[in-house]
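Chains as they are written, first to last, in the working numbering: chain U, 32 to 187; chain B, 271 to 427.
These are computed hints drawn from the structure, not numbers from a lab. Cβ coordinates follow ideal geometry from the N, Cα and C atoms, glycine included. Treat each hint with caution, since some may be false.
Taking CB as the label site, the calculated pair distances span [claimed, not checked]:
| no. | chain 1 | residue 1 | chain 2 | residue 2 | range |
| --- | --- | --- | --- | --- | --- |
| 1 | B | Glu291 | U | Ile175 | 25 to 31 Å |
| 2 | B | Ser406 | U | Pro108 | 30 to 36 Å |
| 3 | B | Asp375 | U | Gly65 | 55 to 61 Å |
| 4 | U | Lys158 | B | Ser307 | 49 to 55 Å |
| 5 | U | Glu106 | B | Asn339 | 20 to 26 Å |
| 6 | U | Asp70 | B | Arg330 | 18 to 24 Å |
| 7 | U | Glu114 | B | Gly303 | 43 to 49 Å |
| 8 | U | Glu106 | B | Arg317 | 35 to 41 Å |
| 9 | U | His127 | B | Arg345 | 21 to 27 Å |
| 10 | U | Leu64 | B | Asp407 | 45 to 51 Å |
| 11 | U | Ile40 | B | Gly286 | 23 to 29 Å |
| 12 | B | Asp274 | U | Leu162 | 37 to 43 Å |
| 13 | U | Pro146 | B | Gln301 | 30 to 36 Å |
| 14 | U | Glu114 | B | Gly286 | 27 to 33 Å |
Quick list of in silico lysine-lysine cross-link-like pairs, DSSO-like style, CA-CA up to 27 Å [unchecked claim]:
| no. | chain 1 | residue 1 | chain 2 | residue 2 |
| --- | --- | --- | --- | --- |
| 15 | U | Lys176 | B | Lys418 |
| 16 | U | Lys176 | B | Lys412 |
| 17 | U | Lys176 | B | Lys347 |
| 18 | U | Lys41 | U | Lys79 |
| 19 | U | Lys171 | U | Lys148 |
| 20 | B | Lys362 | U | Lys79 |
| 21 | U | Lys171 | B | Lys418 |
| 22 | U | Lys148 | B | Lys418 |
| 23 | U | Lys176 | U | Lys79 |
Residues on chain B that point at chain U, a partial pick, calculated with CB under 7 Å [claimed, not checked]:
| no. | residue |
| --- | --- |
| 24 | Glu306 |
| 25 | Gln321 |
| 26 | Ala327 |
| 27 | Val328 |
| 28 | Arg330 |
| 29 | Ala359 |
| 30 | Ser365 |
| 31 | Cys367 |
| 32 | Leu369 |
| 33 | Lys412 |
| 34 | Leu414 |
| 35 | Leu417 |
| 36 | Lys418 |
| 37 | Lys419 |
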Amino acid sequence: MTTKDQIDIKILDTLQNEFPLEERPFLALARQLGISEADVLERIAAMKASGLIRRIGGIFDSGRMGYYSTLCAMEVPAGRISEVGEIINRLPGVTHNYLRDHAFNIWFTLTASSPEKAARILSELEKDLGLPISSMPTLKVYKIKVSFEVGASDEA
Amino acid sequence: MKLDDIDREIIRLLQGDIPLETRPFVQLAEQLGATESEIVARIAAMRANGQLRRWGAVLRHHQAGYTANAMVAWRAKPDQADQAGEIMAAFKEISHCYLRQVPEDFGYSLFTMVHARSAAELDALIGQISLQSGLSDYAVIKSLQELKKASVQYVDL
Numbered sequence: 032m033t034t035k036d037q038i039d040i041k042i043l044d045t046l047q048n049e050f051p052l053e054e055r056p057f058l059a060l061a062r063q064l065g066i067s068e069a070d071v072l073e074r075i076a077a078m079k080a081s082g083l084i085r086r087i088g089g090i091f092d093s094g095r096m097g098y099y100s101t102l103c104a105m106e107v108p109a110g111r112i113s114e115v116g117e118i119i120n121r122l123p124g125v126t127h128n129y130l131r132d133h134a135f136n137i138w139f140t141l142t143a144s145s146p147e148k149a150a151r152i153l154s155e156l157e158k159d160l161g162l163p164i165s166s167m168p169t170l171k172v173y174k175i176k177v178s179f180e181v182g183a184s185d186e187a
Numbered sequence: 271m272k273l274d275d276i277d278r279e280i281i282r283l284l285q286g287d288i289p290l291e292t293r294p295f296v297q298l299a300e301q302l303g304a305t306e307s308e309i310v311a312r313i314a315a316m317r318a319n320g321q322l323r324r325w326g327a328v329l330r331h332h333q334a335g336y337t338a339n340a341m342v343a344w345r346a347k348p349d350q351a352d353q354a355g356e357i358m359a360a361f362k363e364i365s366h367c368y369l370r371q372v373p374e375d376f377g378y379s380l381f382t383m384v385h386a387r388s389a390a391e392l393d394a395l396i397g398q399i400s401l402q403s404g405l406s407d408y409a410v411i412k413s414l415q416e417l418k419k420a421s422v423q424y425v426d427l
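Bound-form chain U, shown alone (with noise of 0.2 Å):
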């Protein structure tokens, strides 16, 4: 990784943990750091460029937007993951999935509008693939953040 100066690092502060709901939003964050906003809008290029930034948006809750997830494990043989993968990823529900080093070895999420239809889909996916789905809905959320510090403590 790049040295990043001190512009940089408040720009990457500011734009994950506090970043203005406005009409001009990198005009507001570049008053706030006291620079341009031209300035700002080429430093989150290259920040973009450079891969450190992965997109400016949003990230939406989707129990509050009345829809229901739940995180799936299923074992599958070695020689089958590419073809089972292929057909997971093919559900429009589906929004995460990985191959992870545990007997259980695919893992995924799937959204569904309710927890009935995400059954449904669950079972026909486990009558399509013949192989069995454990279903792990959240019970408590202790904790969701996807931000980092990458002030201070960053030595690279």
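Start from chain U and add chain B according to the hints.
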């Protein structure tokens, strides 16, 4: 909390990458026959009611120096989960901590996503979490390959 078409288009925009321009909402506003201030007001409302959980930059963990990540699932008795969950939530290296309903033969019901800068740091961190939470039985379930990563399409799912 019914979503109308304008909300759906706003969600679609925000789930992607907003234009890196002085007026990032102007194009969407014109397309929807709305004003930029209406768009901003709707986003603010979604944020206020918790539908929009985060607004801002999403980083790539790998690029941010966090190259060693794992899902760690912990065996917690029902009367241990809350206390352990709160302790785990206080770790800055833990981004997600959920209690899940799990099959009995799996048994690890407290899920955490743990992020570190090296494999050694990750191991040490997991040891610390175990010590502080008092949970000693856990499964480290590392990702080998990302098969899909997408945003939810809030349509007829």
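How the hints compare with the structure:
1. B:Glu291 with U:Ile175: 25 to 31 Å: holds (29 Å)
2. B:Ser406 with U:Pro108: 30 to 36 Å: Hint holds: Cβ distance 32 Å, inside 30 to 36 Å.
3. B:Asp375 with U:Gly65: 55 to 61 Å: With a Cβ separation near 59 Å, B:Asp375 and U:Gly65 satisfy 55 to 61 Å, so the hint holds.
4. U:Lys158 with B:Ser307: 49 to 55 Å: Given about 50 Å between the Cβ atoms, the range holds.
5. U:Glu106 with B:Asn339: 20 to 26 Å: At roughly 22 Å between Cβ atoms, B:Asn339 and U:Glu106 fall inside 20 to 26 Å, so the hint holds.
6. U:Asp70 with B:Arg330: 18 to 24 Å: With a Cβ separation near 23 Å, U:Asp70 and B:Arg330 satisfy 18 to 24 Å, so the hint holds.
7. U:Glu114 with B:Gly303: 43 to 49 Å: holds (46 Å)
8. U:Glu106 with B:Arg317: 35 to 41 Å: holds (40 Å)
9. U:His127 with B:Arg345: 21 to 27 Å: holds (24 Å)
10. U:Leu64 with B:Asp407: 45 to 51 Å: holds (47 Å)
11. U:Ile40 with B:Gly286: 23 to 29 Å: The hinted range 23 to 29 Å holds for U:Ile40 and B:Gly286, with Cβ atoms some 25 Å apart.
12. B:Asp274 with U:Leu162: 37 to 43 Å: holds (40 Å)
13. U:Pro146 with B:Gln301: 30 to 36 Å: holds (35 Å)
14. U:Glu114 with B:Gly286: 27 to 33 Å: holds (30 Å)
15. U:Lys176 with B:Lys418: holds (21 Å)
16. U:Lys176 with B:Lys412: With a Cα-Cα distance of about 19 Å, the restraint between U:Lys176 and B:Lys412 holds, given a limit of 27 Å.
17. U:Lys176 with B:Lys347: holds (25 Å)
18. U:Lys41 with U:Lys79: The hint holds at about 15 Å.
19. U:Lys171 with U:Lys148: holds (21 Å)
20. B:Lys362 with U:Lys79: Holds, at about 24 Å.
21. U:Lys171 with B:Lys418: Holds, because 25 Å separates the two Cα atoms, which is no more than 27 Å.
22. U:Lys148 with B:Lys418: It holds: about 21 Å lies between the C-alpha atoms, which stays within 27 Å.
23. U:Lys176 with U:Lys79: holds (21 Å)
24. Glu306: holds (4 Å)
25. Gln321: For B:Gln321, the interface hint holds, since the closest Cβ of chain U sits about 5 Å away, which is under 7 Å.
26. Ala327: holds (4 Å)
27. Val328: holds (5 Å)
28. Arg330: holds (5 Å)
29. Ala359: holds (4 Å)
30. Ser365: OK, holds: B:Ser365 within 7 Å of chain U, min 5 Å.
31. Cys367: holds (4 Å)
32. Leu369: holds (4 Å)
33. Lys412: B:Lys412 check passes; min Cβ-Cβ to chain U is 5 Å, inside 7 Å.
34. Leu414: holds (5 Å)
35. Leu417: Since chain U brings a Cβ to about 4 Å from B:Leu417, closer than 7 Å, the hint holds.
36. Lys418: holds (4 Å)
37. Lys419: holds (6 Å)
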